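Q: Here is what each chain is made of, one letter per residue.
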Amino acid sequence: MSTRADHQNSAQGPGGARPDTTGPGAARPGLLVALPPHERADESVARIMWAVVLALIPTTLAGLYFYGIRAALVTLVAVAAAVAAEHFIVRYMLKRETSTVTDGSAVVTGMLLAFNVPASLPLWQIILGALVAIGVGKMAFGGIGNNPFNPALVGRAFMLISFPADMTTWPVPGAARMSLDLSAVTGATPLGIVKDVGSVGLSALDLPSYLDLFLGRIGGCVGEASALAVILGGLFLVWRGYVPLPVPLAFLGSIALVTGIAWVVDPGVYIDPLYHILAGGAMLGAWFMVTDMTTTPMSLKGRVVFAASAGVITALIRLFGGFPEGVSYSILIMNALVPVIDRHMKPRKFGYGKQAGAAASAGGAR
Amino acid sequence: MSKYKTFTLGGVHPPANKLTGHLPIRDLEPRGTIAIPLSQHIGKPAELVVERGSEVRVGTLLARASGFISAPVHSSVSGKVKKIDSVVDAQGHRREAVVITVDGDEWEESIDTSPDLLEEIPLDRRMIASRIADSGIVGAGGAAFPTAVKFSIPEGRSVDTLIINGVECEPYLTADHRVMLEQADELIVGTRILMHEAGTARAIIGIESNKADAIELLQERIRIKAREGKIPEGFITVLALKERYPQGGEKQLIEAALGREVPSGRLPLDINCVVSNVSTAVAVYQAVQKNRPFIDRVVTVTGHKLVAAGGGGNFRVRIGTPVSALVDAAGGLPEDTAKIIMGGPMTGRAIPSLDVPITKGSGGLILMDASEASRLAVKNCIRCARCVGVCPMGLEPYLLEKLVQHERYEDAEKEGILDCIECGSCNYACPSNRPLLDWIRLGKGKVVELRRSRMRGNQ
Chain E
31 MSTRADHQNS AQGPGGARPD TTGPGAARPG LLVALPPHER ADESVARIMW
81 AVVLALIPTT LAGLYFYGIR AALVTLVAVA AAVAAEHFIV RYMLKRETST
131 VTDGSAVVTG MLLAFNVPAS LPLWQIILGA LVAIGVGKMA FGGIGNNPFN
181 PALVGRAFML ISFPADMTTW PVPGAARMSL DLSAVTGATP LGIVKDVGSV
231 GLSALDLPSY LDLFLGRIGG CVGEASALAV ILGGLFLVWR GYVPLPVPLA
281 FLGSIALVTG IAWVVDPGVY IDPLYHILAG GAMLGAWFMV TDMTTTPMSL
331 KGRVVFAASA GVITALIRLF GGFPEGVSYS ILIMNALVPV IDRHMKPRKF
381 GYGKQAGAAA SAGGAR
Chain Z
1486 MSKYKTFTLG GVHPPANKLT GHLPIRDLEP RGTIAIPLSQ HIGKPAELVV
1536 ERGSEVRVGT LLARASGFIS APVHSSVSGK VKKIDSVVDA QGHRREAVVI
1586 TVDGDEWEES IDTSPDLLEE IPLDRRMIAS RIADSGIVGA GGAAFPTAVK
1636 FSIPEGRSVD TLIINGVECE PYLTADHRVM LEQADELIVG TRILMHEAGT
1686 ARAIIGIESN KADAIELLQE RIRIKAREGK IPEGFITVLA LKERYPQGGE
1736 KQLIEAALGR EVPSGRLPLD INCVVSNVST AVAVYQAVQK NRPFIDRVVT
1786 VTGHKLVAAG GGGNFRVRIG TPVSALVDAA GGLPEDTAKI IMGGPMTGRA
1836 IPSLDVPITK GSGGLILMDA SEASRLAVKN CIRCARCVGV CPMGLEPYLL
1886 EKLVQHERYE DAEKEGILDC IECGSCNYAC PSNRPLLDWI RLGKGKVVEL
1936 RRSRMRGNQ
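Chains as they are written, first to last, in the working numbering: chain E, 31 to 396; chain Z, 1486 to 1944.
It is worth saying that the hints were derived from the structure and are not from the lab.
Fair warning: this is a prediction, and the values are worked out from it, not measured in the lab.
Fair warning: there could be bad hints in the mix.
[Stated by the list, open to error] Derived lysine-lysine pairs resembling DSBU-like cross-links, with alpha carbons at most 30 Å apart:
| id | chain 1 | residue 1 | chain 2 | residue 2 |
| --- | --- | --- | --- | --- |
| 1 | Z | K1727 | E | K376 |
| 2 | Z | K1864 | E | K331 |
| 3 | E | K379 | Z | K1864 |
| 4 | Z | K1899 | E | K379 |
| 5 | Z | K1727 | Z | K1488 |
| 6 | Z | K1567 | Z | K1529 |
| 7 | E | K125 | Z | K1887 |
[Said to hold, decoys possible] What follows is a list of derived Cβ distance ranges for each label pair:
| id | chain 1 | residue 1 | chain 2 | residue 2 | range |
| --- | --- | --- | --- | --- | --- |
| 8 | E | A76 | Z | K1565 | 55 to 63 Å |
| 9 | E | R378 | Z | S1859 | 33 to 41 Å |
| 10 | Z | P1600 | E | R77 | 33 to 41 Å |
| 11 | E | G231 | Z | R1893 | 55 to 63 Å |
| 12 | E | Q155 | Z | R1860 | 38 to 46 Å |
| 13 | Z | R1893 | E | H374 | 44 to 52 Å |
| 14 | Z | L1702 | E | I87 | 50 to 58 Å |
| 15 | Z | A1628 | E | S129 | 42 to 50 Å |
| 16 | Z | K1887 | E | G217 | 46 to 54 Å |
| 17 | E | R77 | Z | K1529 | 30 to 38 Å |
[Claimed, not checked] Some chain Z residues judged to face chain E by a derived CB distance under 7 Å, without partners named:
| id | residue |
| --- | --- |
| 18 | E1514 |
| 19 | V1747 |
| 20 | P1837 |
| 21 | I1867 |
Cβ atoms here follow ideal geometry from the backbone N, Cα and C, with glycine treated the same way.
Chain E extracted, bound-state conformation (with noise of 0.2 Å):
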C-alpha cells in the first residue's frame, strides 16, 4: 500500500499521476469519499454572530454619546462577564477540549444584555445577570442553538425581580457624560411619563418630542436611547440577509395596530402608536430580540406569527399591565410558544398545491 506522501512524488511524474491502485478497482489512497454536496456557502455561525455585534456598535455608540462613560463601563462589563462565564462552563464544567466563545454569541448576549439594564447599574448586579443569562439562560441547555429563551432577556427577567430598584432607575441622557456615578441624576422614561398619566390626562404632561425619541434624548436603558440607532444596525442585518424584514416590521406593526387602537378610543389616556414604538425598548426588540435565530420559529410565516404576537403581547403589557415596558415578558412568552408554531406554521411545501391538487384529480391514479 503506498502513502499519501508516495501519492505526491508519483504526482510529479510527466503527464501526471498514473492511477497506481494495487487492484482492479481498488480505492485509492489519499482520495476522498464522500456524497455530495461537496460544495459549501462561504458562511459560518461566527459570520453571523459577528454580524450581529457589529450592528449592535451604532447603538452603543448612542449609549456612550447619551449616558456617557458608565453606559460603555456598563457594556463592556457585561460582554466581558457573559464572555468569561461560557469560557468557563465550557472549558471547565462541561471539559470540553475548545471553547465555543470565538464564536461572538456571547459577546451578542452579553451587549444585548447591557443594553436592557440602566447606565447607572451597579457593576456586581450587571456581573451577576450576565451570568445568569450565560449559564441559567444559555449553557443549561446545551449552548448555542438549544435555548429556548433569548439568554439576555432571562439575564434582564432575573435582575428585574432582584434588583427592581436599581434596574427602575434611569439615568437623564447627556446629564453626566464623563462621570462613572449617575445616581445623582435620575429620570423617568418616556413609557414611565405616560403609564404615570393618572387623572390629570396626557395633555397635562411634559412629554419628549418625537425627535428627540427618534434620536436618542430620553431616559431609559442603554440600547433604548436611539431608536436611529438600532435601526441602522438592524438594516445592516437586513442587507447581510440575517433578518427577514417583515418580522421586526410585524413587531412594530402590531405594537402600533393595539396601541392605535386604544388611542383612536381615549387619546386622553392613551398615547398615540408612534410614541409607542419609538419609546422604550421595541425598537431593540424589532430588530435584535424577535430576530433571534435560535429563539424564534424556523418559518418565516411562523416568524412573523411570532413578531406580531409579541408585539400584541408587548402592548398588551404597556396598556393595561403593571410595567410601563412590555417588550421582554412579551419576547420570552413568546419564546416558549416557538414549538407550537413550529409545529403549526409550516412552510408551503412543493406539489401539494391547489394547482398541483387539481392536475393530480385531472391526471388520475397512476
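Given the structure of chain E, go ahead and fit chain Z onto it with the hints provided.
A: Using the frame of chain E, we list chain Z on its own:
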C-alpha cells in the same frame, strides 16, 4: 427584479465556477482497455449477449434491455472482449462490466458516420420509439432514466409541452453548454423528433442566463428554420432563466417554465409535460437519424488547479473509458488532488479510484484539492432557518435531520422526506456545516423500506 423567469421556492446561488465554458469539445481517442458496465441506468441491468473473446466493433450490442425499465448497452470501441468482470462504479458499488481491449476504431456498418445533418424526420412513431429504445439512450443529465420508457406515453395521457433542459445549473459543468453551441442543429432536429414522439407541438428549451451565447445561437437557428419553413413559428422556443440552483431539477424547471407543480409522488406526465436533457436530445438525433447508439458523451474535466495549469476542457469520451485516461488527456492529476467528483459538485459522487469508468450519466469530472474537498467540523444547529428557506421542495431539513437521528421514520415520512430531490441546497447553506442531506438520504432509505413492509403487510 430580474427579467428572467425562475422557480418559486427556495434555491441557492453557488459560485458558477464555469472554468471550461469557452473550451471547444475535443474528441478523446479510445485506447488501452475500457470497461462498460451493464447497469448504467435506473432499472434492471442489461442482459449480456457477448462473451469473453468476442470481437466487437463500435456500436455492437453487448447486452440487451431486460424488462420494461432497462436499456441496452453497446460497445463504444472496436476490439476484443478481454473478460466479463466487476468494476467499481462512481457510487463505489461493484458492477458487472464488459472489459474490452481496444484495437483500431472500426464502426458497425449500419451506423451513418458522415457529418451530414439529416433534417427529414421519420413520421412513424413506432419506428422512432424502437430506434430510441434499441440505441440505449438514457437521460444524460445524471439520473440516467431510460429515455424510451419516459417517452412511451400511456393510453389516455397527453403531453402539451416538451421541455428541453439546457439549464446546467450545477457549478463547474459546461458539457451541455458546449453541446448547445456546437451541436445546435442536431439538438433542434432531436427536439423535433422527441416532440413528434410525445405528440406535442410545443417545446421549450430552458437555459440559464449565464449561457447567453447558447441562448442567442439557438434562437437564431430556430428563427432560420422557421423562415425556411422547416418548423412552424413558435414551435420551439428558447427560455432564458435566472441563474439559480437547482433550476435544472425537473420539477423546478417545469415550474419555472410553465408555472405548474408536479404533484408529490407524481411524474411530469401527470401535468402533461416531459423533460429531456439537451445531450439526450442530441443522442436521440444520432440514434434516429444516424442509427448511432449511445456510445459516447461529452464530459467536462475541470478543477481550479487543473485549469490554472492550462488543463481541463470538454471531451467527447467513449462510454467505459477509465477516469484516469480522461484525466491524463486533460493535463494530468494535480499533485494535491484530494477528491475527484463524477458529476457536478452539488449532486455528483466522489469516486474512490481512477479506474471508475465514464458511464452514460457522467457529465463531469471535478478535481478538488484538500482545502476545497474537506468537510468542516459540525457545530450546533442555531435554528437560523436557512435550510428551510433554501429547500426548493418546501421541506424542513433541520426537522428531517432530527427525526431521522431519533429513528422517527414515520414522522419523517409525514413531513415529506420522500419529496426531497437531494439537491443539497440545505447542506450547502448550513452555517454550522451540518450534514443534513446525509441524514435525509438515510431516512429516505428507511422510509422506503417501511413502505415496502407496509405493502407486504397489506397483501
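Q: Next, verify each hint and record whether it holds.
A: Hint-by-hint comparison with the structure:
At roughly 27 Å between alpha-carbon atoms, Z:K1727 and E:K376 fall within 30 Å of each other, so this suggested pair holds. This hinted pair checks out: Z:K1864 and E:K331 have alpha carbons roughly 26 Å apart, not beyond 30 Å. The hinted pair formed by E:K379 and Z:K1864 meets the criterion: a straight-line CA distance of about 27 Å does not exceed 30 Å. Only pairs whose Cα atoms come within 30 Å are accepted, and Z:K1899 paired with E:K379 is accepted, the gap being roughly 12 Å.
Between Z:K1727 and Z:K1488 the CA atoms are separated by roughly 8 Å; this keeps the pair inside 30 Å, and the hint holds. Under the criterion of a C-alpha separation no larger than 30 Å, the hint pairing Z:K1567 with Z:K1529 is consistent with the structure, at around 24 Å. Between E:K125 and Z:K1887 the alpha-carbon distance is near 25 Å, which keeps this suggested pair within the 30 Å criterion. Between E:A76 and Z:K1565 the C-beta distance comes to about 60 Å, which sits within the given range of 55 to 63 Å.
The hinted range of 33 to 41 Å is satisfied by E:R378 and Z:S1859, whose Cβ atoms lie roughly 35 Å apart. For the hinted restraint 33 to 41 Å between Z:P1600 and E:R77, the CB-CB distance of approximately 54 Å leaves it violated. At about 59 Å, the beta-carbon gap between E:G231 and Z:R1893 stays in the expected band of 55 to 63 Å. For E:Q155 and Z:R1860, the Cβ-Cβ distance of about 44 Å falls inside the hinted range of 38 to 46 Å, so the restraint holds.
Checked against the given bound of 44 to 52 Å, the beta carbons of Z:R1893 and E:H374, roughly 18 Å apart, lie outside it. Between Z:L1702 and E:I87 the CB atoms are about 51 Å apart, so this pair conforms to the stated range of 50 to 58 Å. In this structure the supplied range 42 to 50 Å holds for Z:A1628 paired with E:S129, their Cβ-Cβ distance being about 45 Å. Look at Z:K1887 against E:G217: about 49 Å separates their beta carbons, and that is inside 46 to 54 Å.
Separated by about 48 Å at the C-beta atoms, E:R77 and Z:K1529 break the suggested range of 30 to 38 Å. The criterion of a C-beta within 7 Å of any C-beta in chain E is not met by Z:E1514, whose closest approach is roughly 15 Å, and the hint is violated. This hint holds: Z:V1747 has a C-beta 6 Å from the nearest C-beta of chain E, less than the 7 Å allowed. With a cut of 7 Å, the hint placing Z:P1837 at the interface with chain E holds, because the nearest CB-to-CB distance is about 4 Å.
Annotation: Z:I1867 was flagged as interfacial toward chain E, and the flag holds, the nearest CB pair being 4 Å apart, inside 7 Å.
The earlier numbered hints that this structure contradicts are 10, 13, 17 and 18.
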